[in-house]
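**Q** Line order of the protein sequences matches chains A and B.
Numbered according to my numbering, the first sequence terminates at residue 408, and the numbering increases by one at each position without gaps.
Numbered according to my numbering, the second sequence terminates at residue 168, and the numbering increases by one at each position without gaps.
Heads up, some of the hints might be wrong.
As the list claims (entries may be wrong) - Okay, the calculated bits of chain B under chain A, using three or more residues with CB under 8 Å as the criterion: (1) 73–82; (2) 86–94; (3) 122–133.
Note that these hints are calculated values from the structure, not bench results.
We put the beta carbon where it would ideally sit given N, CA and C, even for glycine.
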Amino acid sequence: MASSRDDFIIAIRSAFLKKSTQQKFSLLTLVFISIFTILLSSLDFKVIRYLKIGINELVYRSSFLVSIPEKLIKNTYFEIVDYSTFFNEYKENRKELGKLKSINISSEIIEFENKELKELINDYVSSSDKILAKIIVDKDSPFLKSIIINKGSKDNIKIGTNIYDQSYLVGRVIEVNYKSARVLLLSDLNSNVPVTIAPQNIQAIVTGSGDNYGEVKYIKSGIDNKFDEESIVYTSGTGAIFKSGIPIGRIKIQDKENLTKFNVEFYSDFSQLKYVFAEVITKTEIKNDKLDSSQNDNISKNPLDAKLKILEDEIKIIEDTNLKFKEENETLKTDINYLNSKISNLEIEILSKNKEIEKFNLDTEETEFLKMNLYYGHKCRRSFFNSKGFSVGTPEYKNCVMKKGRKD
Amino acid sequence: MSSFKTKGTFFKIYSMLPIILLVLSVLNDFDFNYLNLKYFSFNFPFILIFYFTLKDFKHFDYLIVFAAGLINDTVIGLPLGISSLSYLLICIATSYFRNITIRPNQIKDWFYFLFIISLINSINYSILTLFFTFDLILMNYIVNTFFTFLFYIIFVSIFKYYLRGLSD
Numbered sequence: 001m002a003s004s005r006d007d008f009i010i011a012i013r014s015a016f017l018k019k020s021t022q023q024k025f026s027l028l029t030l031v032f033i034s035i036f037t038i039l040l041s042s043l044d045f046k047v048i049r050y051l052k053i054g055i056n057e058l059v060y061r062s063s064f065l066v067s068i069p070e071k072l073i074k075n076t077y078f079e080i081v082d083y084s085t086f087f088n089e090y091k092e093n094r095k096e097l098g099k100l101k102s103i104n105i106s107s108e109i110i111e112f113e114n115k116e117l118k119e120l121i122n123d124y125v126s127s128s129d130k131i132l133a134k135i136i137v138d139k140d141s142p143f144l145k146s147i148i149i150n151k152g153s154k155d156n157i158k159i160g161t162n163i164y165d166q167s168y169l170v171g172r173v174i175e176v177n178y179k180s181a182r183v184l185l186l187s188d189l190n191s192n193v194p195v196t197i198a199p200q201n202i203q204a205i206v207t208g209s210g211d212n213y214g215e216v217k218y219i220k221s222g223i224d225n226k227f228d229e230e231s232i233v234y235t236s237g238t239g240a241i242f243k244s245g246i247p248i249g250r251i252k253i254q255d256k257e258n259l260t261k262f263n264v265e266f267y268s269d270f271s272q273l274k275y276v277f278a279e280v281i282t283k284t285e286i287k288n289d290k291l292d293s294s295q296n297d298n299i300s301k302n303p304l305d306a307k308l309k310i311l312e313d314e315i316k317i318i319e320d321t322n323l324k325f326k327e328e329n330e331t332l333k334t335d336i337n338y339l340n341s342k343i344s345n346l347e348i349e350i351l352s353k354n355k356e357i358e359k360f361n362l363d364t365e366e367t368e369f370l371k372m373n374l375y376y377g378h379k380c381r382r383s384f385f386n387s388k389g390f391s392v393g394t395p396e397y398k399n400c401v402m403k404k405g406r407k408d
Numbered sequence: 001m002s003s004f005k006t007k008g009t010f011f012k013i014y015s016m017l018p019i020i021l022l023v024l025s026v027l028n029d030f031d032f033n034y035l036n037l038k039y040f041s042f043n044f045p046f047i048l049i050f051y052f053t054l055k056d057f058k059h060f061d062y063l064i065v066f067a068a069g070l071i072n073d074t075v076i077g078l079p080l081g082i083s084s085l086s087y088l089l090i091c092i093a094t095s096y097f098r099n100i101t102i103r104p105n106q107i108k109d110w111f112y113f114l115f116i117i118s119l120i121n122s123i124n125y126s127i128l129t130l131f132f133t134f135d136l137i138l139m140n141y142i143v144n145t146f147f148t149f150l151f152y153i154i155f156v157s158i159f160k161y162y163l164r165g166l167s168d
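Could you put the whole structure together from the sequences, leaning on the hints where they help?
**A** Right, dumping it as structure tokens:
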């Protein structure tokens, strides 16, 4: 018993401490270094932070280069799939584009109203710039869902910066390096987004599921029956982590063993992202002009200018709307003209058809008369034996034949 | 085959292939996750490190294994050092297993591999959830462990050919 324990200890000691001829460090040393690194990485020292940024930059670039061949294969596969469904998608997209164009104008108006109201309540006006960023590392890990973009602190990216795919929310920045940043996707388990569910106007939190969908959590019990599959999920802006009103996805109701789950089907497909937009926000406080009455002249110009600008914007939107209506009118007029010409053509056609029918009716009558004439002509024709008859060709003769001879 | 050895650079690259593969796999995350197959993921570095350290492959430097772990943490977004610790624990386990084994057996190795990766994934999961408050799905770890275990035997047969080519 004692010897087997000794064997075990010798084997363990050998495993930890013995250095083979090729090894520069024993495993025990490296294990200690690893534990030390874990401890250091959990502490937020400035030196470690910079060291980490350096390693990140180097590794991200290397990873980008190394994954080029794999990405090429992956992209070729997706392109083949795209081409095979290209035409149908094109037709659907064209329809959708028409709808979206009309919706766009109304959303512009709403945006303008929103801005105006914010100015009225002396809030801040946020001007935002969306920077295009390329995804350099996109490892769809089963454990963590994140991507690396090629924009960092050099481009004013900060922790918390919202990341978009077109106008849909994708996630937020959780780690910033000099020329790269890590984005935590909405599908990650650690992602929590305060949202509003429309049109029911219900506040909730959407958390990632670790898969390609989100889960609606923290909703009041009893209101969950209000949801339907058409409900839209967008950010509520609560907590000021995400901007309000950014579309996220649609509600998908999942019934499993009498347990209803509300999932969120994201508008954006995170596995297909190539480029994203990072929103760099600069907040401008609106000064309360009424307080500085001494500098009336100078300051009063500012609100006036602002109001003028707002009015100008309003005029521009109205003009745009008018233009749109005019265009629609023109289209409708063209349609009406086309339909009118079609109607007149059809009328002409109907007339000619009527004539044909009439002619056909006449022909039928004539045939009928000739047929009757063969049978009853002798009864109606005036002759030596039939002095009460009629002359052939007179209407009376015809009438007599049709009545199958004289009835007197 | 002597001509193969005299080729110099090519032979050197060939003999360094496992290390190159390890670095590339951690940089590129070679795991077919983009196929989006539900419940499918495996850990290629685990297989590679386990096999080559078990065979006491002379070019498999522990320092490079440690560095590969750091790279993996950076790419995946885990706290630095977690993967390094996991990889080094595999090295310790294989070193111990090598010391106690008199007659190597592939099936024994295979099941020992399952035990080791289950243990390491458990440690990994515990550290991330307890000390770093990460939200993780345990099922993903179990599935990952299972597929890594299944793939081990396939990769081992490929690695055998490689080693045979090297010794010839």
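**Q** Under a C-beta cut-off of less than 8 Å, do 3 or more residues of the region 73–82 of chain B approach chain A closely enough to confirm the stated coverage?
**A** Coverage by chain A holds here, the residue count being 9 at a Cβ distance below 8 Å.
**Q** Within the region 122–133 of chain B, is the number of residues with a Cβ closer than 8 Å to a Cβ of chain A three or more?
**A** holds (count 3)
**Q** Quick one: see if chain A covers the region 86–94 of chain B, three-plus residues with Cβ-Cβ under 8 Å.
**A** Answer holds; 5 residues pass the 8 Å Cβ test.
Checked against the numbered hints above, the structure breaks none of them.
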